[in-house]
Structures are given as structure tokens and as C-alpha cells.
Amino acid sequence: MTEILDFIRTNLELIYIIILIIFIGVEVIKHIPAVLHTPLMSGANALSGVVIVGAILVMLHADPENYLALSLGFLAVVLGIINVVGGFAVTNRMLEMFKKKK
Amino acid sequence: MSLALSIVYLFAAVSFIYGLKLLGHPETAKRGNTIAATGMIVAILGTLVLHELTVSPFVYTLIGIAILLGTIIGWVIAIKVEMTKMPELVSLFNGFGGASAVLIGLVEFGNNIGNTSQMATIVAAIFIGGTTFSGSMIAWAKLNGRMWKDIRLPKYNLINNVVLLGLLTFAVFIVLYASDNSIYAYLLMLVALLYGVLLVIPIGGADMPVVISLLNSLTGIAAAITGVLYGNMVMLIGGILVGSAGLILTFAMCEAMNRSLGNVIFGAFGDGGASAEHAHHATSGVIKKTTVSDVAILMNYSERIIIVPGYGLAVAQAQHAIHELEQILESRGIEIKYAIHPVAGRMPGHMNVLLAETNVEYDKLAEMEDVNPEFATTDVVLVVGANDVVNPAAHNDPASPIYGMPILDVENAKQIIVNKRSMKPGYAGIENELFYNQKTSMLFGDAKSVIQELITELKGM
Chain A
1 MTEILDFIRT NLELIYIIIL IIFIGVEVIK HIPAVLHTPL MSGANALSGV VIVGAILVML
61 HADPENYLAL SLGFLAVVLG IINVVGGFAV TNRMLEMFKK KK
Chain B
103 MSLALSIVYL FAAVSFIYGL KLLGHPETAK RGNTIAATGM IVAILGTLVL HELTVSPFVY
163 TLIGIAILLG TIIGWVIAIK VEMTKMPELV SLFNGFGGAS AVLIGLVEFG NNIGNTSQMA
223 TIVAAIFIGG TTFSGSMIAW AKLNGRMWKD IRLPKYNLIN NVVLLGLLTF AVFIVLYASD
283 NSIYAYLLML VALLYGVLLV IPIGGADMPV VISLLNSLTG IAAAITGVLY GNMVMLIGGI
343 LVGSAGLILT FAMCEAMNRS LGNVIFGAFG DGGASAEHAH HATSGVIKKT TVSDVAILMN
403 YSERIIIVPG YGLAVAQAQH AIHELEQILE SRGIEIKYAI HPVAGRMPGH MNVLLAETNV
463 EYDKLAEMED VNPEFATTDV VLVVGANDVV NPAAHNDPAS PIYGMPILDV ENAKQIIVNK
523 RSMKPGYAGI ENELFYNQKT SMLFGDAKSV IQELITELKG M
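So the sequence lines, in the order shown, correspond to chains A and B. Heads up: the first sequence begins at 1 in our numbering, then just goes up one per residue. Heads up: the second sequence begins at 103 in our numbering, then just goes up one per residue.
Pulled out of the complex, with its shape left as it was, chain B reads as follows (with noise of 0.2 Å):
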């Protein structure tokens, strides 16, 4: 390697560190992608240009193609794309990357055959790209809603640790023994495939911020690994930082819903039937419905109201109709804001994300800890999509899945009203109580018409 592309790398490895320390920062954050991208872009174009290589003007050309052709396809889905549809974005494009490793370690195998050093980074990278493209093309499908029901296996855990020794074994036989014929490595990807789809499918869609983090931080880790293959360090970093980030980000999830990593990878959601039964029994009560109109007054004459949005909002694309609503309401001097759950939507941030897209102000937004206190004082929550995230099982019933999770304590609040579609369960698959509390309404319907109507009748008021 050239003294120049050294150079090159090394500065985008610093761009890189310190890029993402400014995205840690509301006020950086911005700049923070713009200089790892520039860093990316050096990188980029300094192998192509500084590699001292005799190359074919040929093989010039296809990666020429290849680089336009990604880069409209990539730049055109990150702008076309609805910012409801952000968690499957994300997925989709970590695909990819996992994918691109893959396919480096095919084609390295076929280099190495028979060298056994560099025989345990490129098991490694099919081992990991595979099992990341399956599972995030999974985690895609899953929140684009293509693969509704989580499919649970009979004795699917069973199923996924055989898989994944049978996997890791399978590995160590080729570094050990098999460096010698590219068919092994093929079959490495199909099992490392097979894995990752065996590793999402089960998952439930409360879970899939963990899920998203985590495949993200493993992405990271191939391409971490790919780095070592080649001694590149640009590679190097950036895939570690991207692993170690991800991993944070994953922990952070776990921790917001009371679970470790091991019970959200092995231990689906409404596994234990017996839970789940007594949780049914503990719920059967009367729900109250309640009318559009009632609520239009109820809200009319409140000081003070919170707005917890779910998952259901950003189904439904309702964050435009309730910013106009939350204007209205603020306009008739009643103090309004959002409380969200870290763990709210399908990846980590969602709800933040949806409600920046229509200019909800920033200190609208509150986080869990900090609104948690003012529940006891606020005249009406309105509950929109959000299930799982409210439920006081967290806090009252030690037999039920999410026992312990931190939750939002909506149920302090003098009324409660909630939005949903129909009295299904939230994808946890779990009864809530909150639902029959005295204190609570439903309100049924799609999120966004009900708004919308909420909103013509606090217009006429």
C-alpha cells in the first residue's frame, strides 16, 4: 500500500471517529454525517485511484457502473422514501452492506484456497454478512408488513441454537480442514442464511428496535472483519465503530424494556402459555367506549394533556393530524405535550423521528423518566397505537412477559383515552388491563380519520 493511500485511510478513519461523535449531539449532529461521509468518500476514491495496481481498462469500467449505479439507486430510495417507512429503510440498506460482505468472502475464498491464515477472517465474514442480509431482509419484510404474524417454529429455540452450533461447527471444520474447495464456502452461506432468517422470524414487533440495533452492530463486525482480511485499517475502525455503537444502542434498548439480550434473541414474546393465560384472566373487565365528540369536549375543557403515540400512529401516517391537533389544543391554552417510550415503534427513536418530520417542537417531546412524574397531574392522556409501552402489567402482574419493563404511567392520569383499532392485543400478544380501568375510554378507529375528526369537531367548538 502506498504511502499516499495510507494517508488517505488514516484520515478517514479520524473522520470517521470523529463524525459520529458529533452525531451524538442534537447541534452537531448534522455536520457529524456530513464529515463521515466525506471521510467515506476519500476512502473511496483513494483506492480507486492510489492502489498501484495494474488494472484493465475493463475492470475500470464495471466499477465505474457499479459505483453510478449504487449510488443513484441509493440516493433515489433515501429520498423517495416515506419517513414512516424509515425502520425498514434502515433494515434494507444494513442488508446490503451484510450482503456486500458475503460476497467479498466468496470471492476470497476462491483467492485463498488452501491458505489457512487468512481461511478464519473470511469464515468469519460469510458467517456474519449472511446471517445480517437474511435477517434484516426478514426484520424488512416483518415492518413492511409483507410478513405480518411472527412464525414461531414448534420448539424454535431448540431449533436455532442446533442451527447456530451446527453453524460454528461447521466454520471451524472449514478453517481446520476444508480451505481447499469453494463449494464449502457456499454452503457456509446458505446455513449462516438459513440462520438469520430462523433468528428474526420469531420476533416479535415490540422487539425489532433490539433486532434492528443489534443487526446493525453486526454489520459493523463484518465489515471489521473484511478490514483484517486486507490489513485495512479504514475498514477496520469503521466497522468496529459501527459494532461497539450498535451494541450500545442495543443494550439501551434491552434496558428499556427490562429484558437482556438473550431473552429478546431466545425468548420470544408470549412464549410461556401459562402467562399468558393468567394474564387473560386477570383482564376480563368492561371497556367503556366513548364518541369523538366526547372526547373533542373532554379535551376542550383540560389543562393539561399528554399524548402517548405508538406504533399504531405511524401505521396509520396520523403524525401530521395530530400535530394539528396538538396546535389547536395549544392554541386554546391548554399545555400539551408527547410522552415517549424509548422502546415506542419499531426501531430505536422512531416516534422522534416521525413527529421531527412534521415540526413537533423539540421540548414537546418527553422522554419516560422525565413525564413519568407528571402523570398524576395531567386532566386526559390520549393513548394513540401505543399497547405494550402503557400496560401497568409491567408493574403489577410478575406472571406476565413484560414484568418489570419500565412503562409510561398513563394509568395515574385522571382519564385516560384510548385510540386503537379494535380490542386486538398489541404484537406482544399480551392483554391490557389499562384498557378496562375505570378511569379509561376507548376509542376505536383508525388513528388518523379519528384525529381528523377530532379536530372538525374542536374547530366547531
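In isolation and in its complexed conformation, chain A is listed as follows (with noise of 0.2 Å):
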């Protein structure tokens, strides 16, 4: 129980963000014409393609001498950045493809 309290007093800012993103995600999304709904979900899934981020922050930490998180780094890296560019240019090809038929 103490832990609980701990983490909560130690992350209430964090705690608050989380609170907050999910009610603005929530709002964001809300009432989308069925049309786009793939168009969301795989623009949704390149931006979760964000992990990116860390897998960079994971090599740039690394020691050059340690091959094993330098690889799975790598690879994190690769993996994360096909989730984003595909991700993104899929969605605009999709979108582009809604738009010239007006």
C-alpha cells in the first residue's frame, strides 16, 4: 500500500498527462465517418511507430563495445522506422485515393 502511495506521490505528474491524453485522444477520435476508418487506424499505427524514438535513445546510450544492445538496437531501429514510413505513406496513399474522385 505505501508503494502505491510512493508511486502516486512520486509520478502525480505523469499520472495527470496520462489522465488528460487519453480524454484528449478519446475527443480527437470521436464521431469518424466510417469512411475513415482505415485511413485512422493505419495513420494511428505509424504514430505508434514513436517507439522509434527510444530504439534511438537505446543505441545512442549503448557502449560501442557491447554488440548485443547495439544489435538489438538496430534492429529495434529498423523495425520502427518501417512501422513509421510505411505506416505514413500508406495512409497518404489511401487518402489520395479518397480525394481525387471528388
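Errors might be hidden in some of the hints.
[To be verified] Listed next, the stretches of chain B that the computed footprint assigns to chain A, with coverage defined by at least 3 CB atoms under 8 Å from CB atoms of chain A:
no.	region
1	151 to 157
2	395 to 407
3	482 to 494
[Said to hold, decoys possible] Looking from chain B toward chain A, a few residues come up when the C-beta cut is under 7 Å (computed):
no.	residue
4	Leu-107
5	Met-142
6	Ala-145
7	Leu-147
8	Gly-172
9	Ile-175
10	Ala-180
11	Ser-202
12	Tyr-332
Think of the hints as simulated: they come from the structure by calculation, not from any bench. Ideal Cβ positions, reconstructed from N, Cα and C, are used throughout, including at glycine.
Got two chains here, separate frames each, mind docking them using the hints?
Right, dumping it as C-alpha cells:
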């Protein structure tokens, strides 16, 4: 119990931010028309590729001799950036299709 | 963290929120995507340039190669892939994001040996990332047709729940007592991977829209957790946005099927042997077959036609053919539109994307609530490769697994033409009494070739 209270005390700001962002996320997406379900999902998917920032940090912090960390980090960067680039590119392609038929 | 980098992250986080907001409206969606992408590029470049660490040129080169490699791969896949392959592509990319979170977790576990305060987030990243990675890969394989059958182990619900419980216990155990050896991180990853596989394997194709958006949401949560680990706001905000957006979409999909999320995850379709049996008995009747030329004549002399597309249309790549058919009929003064069920296909909005590729006009795509009252005044409904979303059992068979799911009320139309490859039941494995309806005629064959024959026939009239 005390650990939980301690956790809340030390991370209070973080908890506020998380809760507020959840509400922002819900409000921003609410009432989205069905036509945009796929582009939204694929755009959000690209956004979740923000883990790439963490992957880059892993590599920046890694000891140049630590080949395990470097290779795991390398793979994480490659996969993360595929998620980002592929996700945004394919969303753009989809929206391009939606646009031209107007 | 330098002030400059903090400002860069602030800018990126705001552009994520604003971009996502614009993505929710048809006229601004494209701009929204560009804004979010710009925020991402800024965040990545900022991280690379403004970190204030001493980094060897060797590591920098490695990072450069990784980014270049991933960019090329991602770009090529995104540009080359066919639009009909969109659901599996989204799963694939999503899986990569999850995998990235796992790898970060593995490295950071090694860096934080014995540091219990960070362990909870690291373990959570490995857990959630691993589950989404393997789950997305299974979803990808299923959508790809590499794994057509839904594999259901005996008592899979029990097995899954035991594995999940074991996974949670193991995660807590590691955080509390075993954060001193990296081997546990790898073990946890293996169990998480196993759970992801078990989670998605029994889920039928009709439930895929729910699963895909759920996995999408989970990757966001994994990203947010790694954000907490680094105290990195842009990861945290980006991840949570995706997490909550994904959850909303997931619930929207569940609502469209009148099922709870728990029911989709823990109780796959076609479970109750008794109910399936019952449904089978209820639908033993006579089916009426028809021919392409009969359908062509019927359509040619109709005033209003509604097309109901389903996954079969995507599989047969018949979207261009159906658009041509629609144009021919329209040029003859026939009022024609498409009725889109929210969960038709294998991902949210699948049919919209598919038909958008062929330049079908926006106002021809009618959503379920709007189009349902119109069936009664429609002469012909053409059902192409859809099954469960038009199954009247959802209305009148309480024993049916899809009972209560909102459907397209095609049975109210004067004539119903159903194009299917064979009498095989849909993905849900339920018989469809619509096929035995007196007003229904079956037009068997591959959607693309059947529609092309229809076009030829109509042109000759």
C-alpha cells in the first residue's frame, strides 16, 4: 500500500498527463465517419512507430563495445522506422485515392 | 535533456494531436497525416542531433544505416502493395512497432539489472510488445491466406486464460524478485509471444476488424510505456493517443457486431455446438440457382439496385469490375448504390478503401443505418462475397452466434441475387437462411469473372 502511495506521489504529474491525454485521444477521434476508419487506423499505426525514438536512444546510450545492445537496438530502429515510414506512406496513398474522386 | 530537445518534442507532440484530429474529417485527413508525419520526422531528427551524449562515429553510422534501411523497406512496401492487401499490411507494420518495443525492453532490462523502480515499465514493454508482435504476425498470416483455418485447441479459452494468468504472475515475479538476470527478460518475451499467438489463432475472419484495431491500440500502449521508461513526453503522448484511438475504434467495431470485447477475445464464433446445429436445421431448404443472363435482364429492367460488398469482393479483386458494372447500370438510368456494413471485410472501413481505389463516388457509399430503410423500395440487391452481415439469423434466431448483430436488411428487397463461390458457410461458419429465401437466387462463381460476364451481357442488351 505504501509503495502505491509513494508511486502516486512521485509520479503525480505523469498520471495527470496520462489521464488528460486519454481524454484528448477519445475526444479527437470520436464520431469519425466509417469512410475514414481504415486511414485513421493506419495513421494511428504509423504514430505508434514513435517507439523509434526509444530505439534510437537505446543505440545512443549503448557502449560501442556492447554488441548485443547495439544489434538489438539496430533491429529495433529498422523495425520502428518501417512502421513509421510505411504507415504514413500507405495512409497518404489511401487518402490520395479518397481525394481524387471528388 | 536539453531545452532545445524538449521544445522539439513539444512541437512533435502537439503535431501528433492536431494531425490525428484532422485525420478524423474527410476534407482535412490528408493534411492531418502530413502534419503527424512531420512531427515524427522532427522528433526523430531532434533525438539524433540534440542528445548531448558522446557517441562514437561507429554507433552513429549504425543508426544511419538502420534508418536508411528501414525507410527504404517501409517505403517500398507501402508503395508497392495492392490496396486489397491493406488489412495484412496494417497488421504487419503494427507487429514491427510491437517488436521494436520488445527489443528496447530487452536492452533496457540488461541496463537496469537490479533497478526495481524501472523494472515495472520494462517488463510491461516486453509483455505488451511481445503479445502484439506475435498476435499481429498471426493476423497477418491469416489475412494473407497463409493460415486459412482458425485453429482452435480443445479448451483454448481455458488454455489462453491460464497462459495469461501465468504471464501476469511471471511479470510481477520478475519485477519483485528476479530483476537481476536478463534470462528472465528473454523467458518473459517467449511467453508473451506464445500468448499473442494463442490469442489470435482462434479468432475468425469476421472478427478480424476488432482484433486488428485492438492490436493497433496495444502497440500504442507499448510505445507509451517505453515513453514512461525514458521520461520521454513525445513517446508517451504519441503512444497514448494511439492507444485510446485504437480502443475507440475497437469498441465501435464491437458495437457494430453487437458483441462485447470479451466475447470476441474469449469466445470465438461457432463455439456452441448446439446452436450451430440448431441453425443448420432451421435453414435446410431449397436454393434457387440463376444464370448470368437472367441476372443481366433482371438488372437491366430495374429502377433501384443496391450492391452489398463483402470480403469475397476483395479476395476476388473484383472492385474494378463492380465499379464498371455500376457505371453501366447508372448510364441506363438505374439508381444504384453500395450498402456498407461497418464490419464488412477484414478491417475497419475495409470496403470503403477497396471501393475508393476504383473511384466510386462518396455519395454512392451508404452506411448501414441510412440504407436499411431503403431496401423495401429496392428492386434488386446484389450481394457480392458478403455473408454474415446479411444473415437474417441475427434478427430471428436467438440461438445463433450472431443473434443481435445489426445487419443489412437485404431480405426486404424485391429480389436478392447472392454471388458466392460455393454454398460453403461464411467465416463465422453459420448457415445463412437468406440463401433459402424465396426471393433469393444464387449466382455461383468467382466474383470477378461473374461480374465481368454480367458486364458483357449487359453491354449486348
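Hint by hint, here is what the structure shows:
no.	hint	result
1	151 to 157	holds (count 3)
2	395 to 407	violated (count 0)
3	482 to 494	violated (count 0)
4	Leu-107	violated (11 Å)
5	Met-142	holds (6 Å)
6	Ala-145	holds (6 Å)
7	Leu-147	violated (10 Å)
8	Gly-172	holds (3 Å)
9	Ile-175	holds (5 Å)
10	Ala-180	holds (4 Å)
11	Ser-202	holds (4 Å)
12	Tyr-332	holds (6 Å)
When held up to the earlier numbered hints, the structure conflicts with 2, 3, 4 and 7 and fits the remainder.
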